[in-house]
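Engineer: Each chain, written out:
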Amino acid sequence: MKENLYNYILGIADNSLILGQRMGELTGHGPSLEIDIACTNISLDLFGQVRSYYQYAAKIAGDGRTEDDIAMLRKERDYLNVLLVEQPNTDFAYTIARQYLFDVYHAMFLTALQSSHDITLSAIATKSIKEVSYHQRFSSDWIKRLGDGTNESKLKIQNAVNTLWTYTDELFHQTEADKAMVTEHIGVDVTQLKKAYYQKVTSLLTEAALEVPKLKWFQKGGKSGIHTEHLGYLLSDLQYMQRTYPNMEW
Amino acid sequence: MQSNLQHIDPILYPILEQVSDPEIPVLSIMDMGVVRSATISDKKEVKLQITPTYSGCPAMDVIGDDIKTILNKAGYNAHIELVLAPAWTTDWITPKGRKALETYGIAAPLEANADKEVLLNGKRMVKCTNCKSQNTRLVSQFGSTACKAQFQCNDCLEPFDYFKCLK
Ligand SMILES: [Zn+2]
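Chains A and B, in that order, are what the protein sequence lines are. Per my numbering, residue 1 is the first one in the first sequence, and the count goes up by one each step. Per my numbering, residue 1 is the first one in the second sequence, and the count goes up by one each step.
In isolation and in its complexed conformation, chain A is listed as follows (with noise of 0.2 Å):
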């Protein structure tokens, strides 16, 4: 099994599943039903392009694996994904800085894995990075109208990102599948996109009138699966299904 690049295609496809999962627990509790129906939006996209992530996987995997198991049955230390997604739902300025500081990362991200070399990501990073802008229009456009609207819109929003700036920096991060692949150029080099990154986001929260935080120590760990205690909440919802009830199907 080709270990480097069965890791590396969870560290991508574990971001969209944990951020896919928060955003389907609005579905319902949106603060508008337009807002429910974005934020589940959202969430589907995110889901189908996981799946065709763990498809790849487990094919890579070849030994039984499915998709699903991928998904539903490892455990809070196999998961991949950076600590920023996996940040509750505190409040919908919380839902709104986190989905837009991961958007513009991840937006960056697929536009530079359409160049990998590898046909599957390149082809899954094409495919998602349409449905991503939009994601990215509707959270920018929040940030803007939260950040410029009343004061109490404005001390939450500049809250929320005060409190999930810490963990922005991760996205950056190289794990040792990440390096092993962008030598064979199959993989996005993100240290690569760090600068343009900040520089967007600054842009933005100057535009919506915010302040941008000025941190020098961040938090790090999930990309090894060293999450907050969050994860665990989010996957005991997550895996409920499938371990109270082994193998079933939908």
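Keep in mind the hints are simulated off the structure, nothing from the lab. Backbone N, C-alpha and C define an ideal beta-carbon position, used for all residues, glycine too. One or more hints might be untrue.
[Stated by the list, open to error] Keeping only pairs whose Cα atoms sit at most 16 Å apart, straight-line, the calculated EDC-like set for lysine to aspartate or glutamate is:
| hint | chain 1 | residue 1 | chain 2 | residue 2 |
| --- | --- | --- | --- | --- |
| 1 | A | Lys59 | B | Glu81 |
| 2 | B | Lys127 | B | Glu117 |
| 3 | A | Lys130 | B | Asp91 |
| 4 | B | Lys47 | B | Asp9 |
| 5 | B | Lys116 | A | Asp141 |
| 6 | A | Lys130 | B | Glu111 |
[As the list claims (entries may be wrong)] Computed list of chain B residues with no C-beta within reach of chain A, every gap over 12 Å:
| hint | residue |
| --- | --- |
| 7 | Pro14 |
| 8 | Ser37 |
| 9 | Asp61 |
| 10 | Glu102 |
| 11 | Tyr104 |
| 12 | Lys164 |
With chain A fixed as given, assemble chain B with the ligand onto it according to the hints.
Structural biologist: Relative to the frame of chain A, chain B with the ligand by itself:
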């Protein structure tokens, strides 16, 4: 390189045309452009390639099953492969398909630039499917399914879906 061209055996076309998108029943899968190739390989064995509109489109599984069922009835054995490249675009919806959408009450996708103007800058270019007025407003970029946005007509107040441009 995979090409943008479809390869559909003319014998199979009228059969496949009877399968529609479960979420937009007036739209045949052939007019939607999701069937990229359909060939009869060995007498009664049919090989098909289909491509999803959106990654998470739950209709794809149903469409696959429907294709198998209808080809079975016609005496064929179908093998379906889901392909991602080249990625589906709204350009592949046929003129007949666009017309079916409009009649059904879903505004057909505009060109990419116009679509951007409408969704980002609030330009009034989407025609109301009820009264044809262009005095319409975007309610939400996300609609009842991943491929649609919600609009409302300012003149007759009809709420309707707009099929977003995907390029
Ligand atoms: Zn009207």
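Engineer: If a hint holds in the structure, say so; if it doesn't, say that too.
Structural biologist: Checked hints:
A threshold of 16 Å between alpha carbons decides the hint, and for A/Lys59 with B/Glu81 the separation of about 15 Å falls inside it, so the pair holds. At most 16 Å may separate the alpha-carbon atoms for a hinted pair to count; B/Lys127 and B/Glu117 meet this at roughly 14 Å. At most 16 Å may separate the alpha-carbon atoms for a hinted pair to count; A/Lys130 and B/Asp91 meet this at roughly 14 Å. Restraint check for B/Lys47 and B/Asp9: satisfied, since their Cα atoms lie roughly 10 Å apart, inside the 16 Å limit.
Proximity of B/Lys116 to A/Asp141 is assessed by CA-CA distance (about 14 Å); at most 16 Å being required, the pair is judged to hold. For the hint linking A/Lys130 to B/Glu111, the alpha-carbon distance of about 15 Å falls within 16 Å, and the restraint holds. The non-interface label for B/Pro14 is consistent with chain A: the shortest C-beta to C-beta separation is roughly 29 Å, beyond 12 Å. Distance check on B/Ser37: its Cβ is at least 16 Å (rounded) from any Cβ of chain A, clearing the 12 Å threshold; non-interface status holds.
Listed as a non-interface residue, B/Asp61 fails to keep its Cβ farther than 12 Å from every Cβ of chain A; the least gap is roughly 10 Å. In this structure B/Glu102 is separated from chain A by more than 12 Å, as the shortest Cβ-Cβ distance comes to about 22 Å. Annotated as non-interface, B/Tyr104 keeps its C-beta farther than 12 Å from every C-beta of chain A; the closest such distance is 20 Å. At the 12 Å boundary, the C-beta of B/Lys164 falls inside the reach of chain A, the nearest C-beta of that chain being 7 Å off.
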